[in-house]
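Protein sequences appear in the order of chains F and B. Counting in our numbering, the first sequence runs from 1 upward without gaps. Counting in our numbering, the second sequence runs from 1 upward without gaps.
None of the hints are false.
Once the Cα atoms are required to be at most 35 Å apart in a straight line, the calculated DSBU-like pairs of lysine-lysine come out as: (1) B:Lys-176 with B:Lys-86; (2) F:Lys-168 with B:Lys-57; (3) B:Lys-42 with F:Lys-54.
Pair by pair, the computed Cβ-Cβ distance ranges are: (4) B:Ala-95 with F:Leu-272: 48 to 58 Å; (5) F:Gly-62 with B:Glu-53: 44 to 54 Å; (6) F:Leu-13 with B:Glu-53: 25 to 35 Å; (7) B:Gly-12 with F:Leu-10: 24 to 34 Å; (8) F:Arg-14 with B:Gln-111: 50 to 60 Å; (9) F:Ala-317 with B:Phe-168: 55 to 65 Å; (10) B:Lys-86 with F:Val-194: 42 to 52 Å; (11) B:Arg-44 with F:Asp-96: 27 to 37 Å; (12) F:Asp-96 with B:Lys-122: 36 to 46 Å; (13) F:Asp-148 with B:Asn-3: 37 to 47 Å.
Hints listed in this document are in silico derivations from the structure and should not be mistaken for laboratory results. We put the CB at the ideal spot given by N, CA and C, even for glycine.
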Amino acid sequence: MLDWQPTATLETLRARARLLAEVRAFFAERDVWEVETPVLGHGGSTDVQLASLKVDATTPEGLERLWLQTSPEFHMKRLLAAGSGAIFQLAKSFRDGEVGRRHNIEFTMLEWYRPGFSLNQLIEETAALIIRLLPQSPGPVSRYRYRDLFREYLAVDPFSTGAAVLGKLASKHAGTDMSEESRDTCLDLLMSLVIEPRLGQGELSVVVDYPASQAALARRHQDPEDGVWVASRFELYLKGLELANGYDELTDAEEQRARFGEDNRERRTLGLPEVDVDSRLLAALEHGLPEGAGVALGIDRVIQLALGKTHLKDVLAFSTPSC
Amino acid sequence: MANYSTNEFKGGLKVMLDGDPCSIVENELVKPGKGQAFNRVKLRNLMTGRVGERTFKSGDSLEGADVMDLEMEYLYTDGDMWHFMKTDGSFEQYAVEKKALGDTAKWLKEQVPYTITLWNDKAISVTPPNFIELEVVETDPGLKGDTAQGGSKPATLSSGAVVRVPLFINQGEVLKIDTRSGDYVSRA
Numbered sequence: 001m002l003d004w005q006p007t008a009t010l011e012t013l014r015a016r017a018r019l020l021a022e023v024r025a026f027f028a029e030r031d032v033w034e035v036e037t038p039v040l041g042h043g044g045s046t047d048v049q050l051a052s053l054k055v056d057a058t059t060p061e062g063l064e065r066l067w068l069q070t071s072p073e074f075h076m077k078r079l080l081a082a083g084s085g086a087i088f089q090l091a092k093s094f095r096d097g098e099v100g101r102r103h104n105i106e107f108t109m110l111e112w113y114r115p116g117f118s119l120n121q122l123i124e125e126t127a128a129l130i131i132r133l134l135p136q137s138p139g140p141v142s143r144y145r146y147r148d149l150f151r152e153y154l155a156v157d158p159f160s161t162g163a164a165v166l167g168k169l170a171s172k173h174a175g176t177d178m179s180e181e182s183r184d185t186c187l188d189l190l191m192s193l194v195i196e197p198r199l200g201q202g203e204l205s206v207v208v209d210y211p212a213s214q215a216a217l218a219r220r221h222q223d224p225e226d227g228v229w230v231a232s233r234f235e236l237y238l239k240g241l242e243l244a245n246g247y248d249e250l251t252d253a254e255e256q257r258a259r260f261g262e263d264n265r266e267r268r269t270l271g272l273p274e275v276d277v278d279s280r281l282l283a284a285l286e287h288g289l290p291e292g293a294g295v296a297l298g299i300d301r302v303i304q305l306a307l308g309k310t311h312l313k314d315v316l317a318f319s320t321p322s323c
Numbered sequence: 001m002a003n004y005s006t007n008e009f010k011g012g013l014k015v016m017l018d019g020d021p022c023s024i025v026e027n028e029l030v031k032p033g034k035g036q037a038f039n040r041v042k043l044r045n046l047m048t049g050r051v052g053e054r055t056f057k058s059g060d061s062l063e064g065a066d067v068m069d070l071e072m073e074y075l076y077t078d079g080d081m082w083h084f085m086k087t088d089g090s091f092e093q094y095a096v097e098k099k100a101l102g103d104t105a106k107w108l109k110e111q112v113p114y115t116i117t118l119w120n121d122k123a124i125s126v127t128p129p130n131f132i133e134l135e136v137v138e139t140d141p142g143l144k145g146d147t148a149q150g151g152s153k154p155a156t157l158s159s160g161a162v163v164r165v166p167l168f169i170n171q172g173e174v175l176k177i178d179t180r181s182g183d184y185v186s187r188a
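Just chain B, same shape as in the assembly (with noise of 0.2 Å):
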């Protein structure tokens, strides 16, 4: 991969820091009034998910990290790994490994599509779209003449994610659910 200079450390440039592929989210340039440059640089590390600043003297560079988003739908598990197929037509399949699916895992569902993120070829991260539609599978009997207003109850979606649904909703639902919050939306 080619070498990235920090003038060129723009939000979303994939870079390799400490052995790990990191999203660059931030870059600030930072200078004394007569002195070096730096850039202070903001970084979400794409393994761990979590954002970390570092400071670069000005001119330092980093090995660009070979890192893609690929849209796939998922198919099924066999117990160890995940399987998505690439929607482009292509068929070519994906195995995920738990580690890399994390907490996407109470979001799937069959024939949905993911952003698959690829480093050297390997799934290390699984995104959801942000809404999907889900069904109840399992939550108290729905409360008649409750229809808007009051209170929230915990319902299991098919996809094993327990969200607060209205009162008034009942199993077997299909229900629109905010991944990113894990909010209730409405009745799909």
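Same shape as in the complex, but just chain F (with noise of 0.2 Å):
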């Protein structure tokens, strides 16, 4: 017979309900309003490491091929720059290929964006309506510098490491040959398999100044230390899962047109589709997105540590291989 039933219990969803209902009230009281936007658009996420789901649709255009997203981003981003000041969003999102404990194609990303915040606000808040949605406290809110914890854990310094060092280091840790990789994927082999486990055991870690290759869509500035160029962003994790990832959010046309450009180049290099860039974003930008810090947090993930389950598909109505 066909596994028709709920992949979480009745009891788990009904929880998940009262979870959201308190992320509502979290954002009413800080006057930040809830949009809803399209998980379909024209353009797409170029961010290589995310696989679109494209979709064909009959438009008055005619046949279109729409995107469905990754993230709110790009849409909400709209909004910020048409002066919706700060807004939040429960949006689902997509993202191909990535289903398993941690994962499901489809998800609920919850977004939101506060003009005029500083990335230290941000991350104060983040903490805040984290720790209001568990059950007990996680321990106190810890901060690290993305560079620190490669020498405290690795004894390298990500900056200034060769990829040499780093690709026997990778390889070492895999099991398997890295040397050929480049310094980013040696970085993020060794942060997910060495470092993040290690986060969020007994307080909400916080990592800041990522490496500025993996900015993203964040502003980058100088290391106080040694002036080497860092993303601002950052990352939040408990029990070592990783919940939030926020931006000082560029807010450059030219700049993303160019991050833009580059993703579809290094698409084309690797052999992956290239992505329909958001023109519509990019003139937005043009016209002027306000100067602040974003944030996107993985609610599924966080229900599941709220409620103690070990797999996301504990939290889900129906996950992708039951939907």
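Fit chain to chain and form the complex, with the hints in mind.
In structure tokens form, the structure reads like this:
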């Protein structure tokens, strides 16, 4: 017989509903209003590490290729450019190929934007929301610089160590040959296998100052220690699980256009499909995006931890394999 | 053989790694917030039986291994090789080396079906049935009146295995043994 039953228990789904109500209360208290934006868009995420799903749609323009959004970021930034002020959204988002204990192709992203906020203010707000959703205190909020974590756990500096040394270290931890891989791939591997499992144990861990090459849609700034360029973004971890990814938002249309172009060039080099660039987002940035910070939080994972579940599917009505 | 990409790695898939055929036990996607995705894969080396963990870049691939499991009856040994015959009516025979036979050597009995794992048509391992019935060829005499509880004693079985059996078991009796644990289950 086909497994038609929900992957989460009804009791869990009720608890999930209560947590989502709590999220809405949190933002209502802070005057951040809820928006809903399309899951379809004419542009997709060019991010080389994300695989977008395409949809053929019949519109007044005829048959068009639309993209299921990997996050509500582009549409929300257009609202910000239009003068929305602080907004949040619980948005269905799609990332092809990502299925596992911590992933589902279709998932719910809690994303919010705070015009006028510094990255530090947003870190505090993100931690406050997570603490409110958890049944008991996760411990203190600790902050680490990306390079300090590598120095502490792997005894290398992620910015100055040569590719050969990083490749050797990555191969040792992977058990497979990583010597031909890029610096960023090696750093991602070491972060995932060695550092992440140690984060958020008895505390909420916030990681800041990522390599500039991993900036995505964040600004860059210079590390005061030696002037190395780093990305103005943070990630938040609890129990080894990455929960949130926040940016001091890039507002420069030209730089954004350049990064989209770089992404698609790299996609061509890697033999990956190119993704249509969101020209309406670029037009909105040209009009002007207010300075501020924004964060994307994997609310399914927070619910998973809040309810003490081990698998993401335990908090989803129907996970991708049984949808 | 075909190549398999990390997103096709499922439990039971047979692939080649470092020259040995392996069976995939578990495959977990690992992905940092913004960055390269990896697959953390648990594999059982079919030559050694050992389970290890390796991490691959998502999208990397491994060559498939031509591995299959067949049911075969044990026939005899000539001292160098152990001979089995397929149970599908083809009467096709396979000779198995001592190394491939491994611990199963102590659970061999004629006409019992075993699972033979073939790699490129060569036997690499032999798995006995979970339960097997074997005769006691040597043990201390049974104690009268002692039926259920009480201690145990060693008994040598017709296949050569030595197992702990209850004190009331006598030489010549046929016993049901769990080959996974080597435990006595009952009189057959």
